[in-house]
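Novice: Given chain A, put chain B in place with the hints provided.
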Amino acid sequence: MNNLAILIRVELTEAAKEYKYVWLTIFFIILGLTQPLINMYLEIILQQLGGTFGVMLDPNKPSPTSNEIFLSTISGQFNQIGLVILIISFMSLIAADRENGMQDFILTRPVSIYSYVYAKLIAHWLISMFSILFGILISYFYTVYLFGSFSLLKLISFSFLYSLWILYLVSLVIVISIYIKHQVLIAVSTIGITFVLLFINNFNPTFSYLLPSSILNVAAHQISDAHDFHHLSVVSCLLFTISHLVWATMKLKRI
Amino acid sequence: MNIDIAPLLEIDWLQLLPLIIPILFLNVLLIGITLLDWYKRKNQIVLPYMWLLIIVSMQMIGPILYLMVGRRNVRHDYDS
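Residue numbers (our numbering), protein chains in the order written: chain A, 1 to 255; chain B, 1001 to 1080.
For reference, chain A alone in the conformation it holds in the complex:
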């Protein structure tokens, strides 16, 4: 276990030297800010910047509730451009180690493959959750400030379930980077797979609880009740994560 703690600390200090905590946090805060602000000031933006005279929003339109705005921030910003940037920041996770020979160096020491892989998983999950939690919190405060409140407990259970989805993403990147050597190809294929997963999840809700991405439905259900969900989704997401890890360690052992 001592090796695991040391390897995690190595990853965390490496991220600090690349200012990863700073820029990833700023990026997610900007993402979290934009959606509620645009929703609030849509009418002013249209009037001032549209260049379209005579266009107006229906004054009788139902005003969106705060939890709807928050969910649209997550599904519209965090799960699209946020996901892309997050995966691009993960792409050098194992590939860079392999390129500069660090992987061989570590694995020829008395360090087990398990602690190597788990250190990667836990460290990158911690880094990304640090930034995403800041983004979620700022987005929550802006949504509450502009649209009215919803309970903080809902937010906490939502972010716990969302963090499991991020954990799955890191394990997916680990598995893919064992098979593909080139960093850009790792990023592209991971982004492709995750978007296919998200698309199938939205497209066909009947069997989607077998997919890891369906945990987002459970997470969304924590905030607004209007979503189809199945509690098995949490189990399937965790199962997928564990199976990816087992797969990765088996493959690394054979090499």
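Bear in mind the hints are in silico, worked out from the structure with no lab data behind them.
Heads up, none of these hints are tricks.
Have a look at the derived ranges for each label pair, beta carbon to beta carbon:
id, chain 1, residue 1, chain 2, residue 2, range
1, B, L1029, A, S63, 28 to 34 angstroms
2, B, I1020, A, L57, 19 to 25 angstroms
3, B, Y1039, A, H182, 29 to 35 angstroms
4, B, N1027, A, P64, 22 to 28 angstroms
5, B, I1023, A, L57, 19 to 25 angstroms
A virtual CB, placed ideally from N, CA and C, is assigned to each residue, including glycine.
Specialist: Only chain B this time, still in chain A's reference frame:
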């Protein structure tokens, strides 16, 4: 590319101010950090002035691209 600045002068900036300030501040902070790092590594990275253009011209995506890709692409001795 749209270079007509006349509509910019007609905007009522005061009305948009609460919208713009936090986003503007965070973007300036991000670009500032990136430029500081670029200045330190100017003599080491590949194509430094192209990266400067990317950082300054592409809002939010440019600095992040530099911090993820650009600052790792270090020039080798046999290139020069």
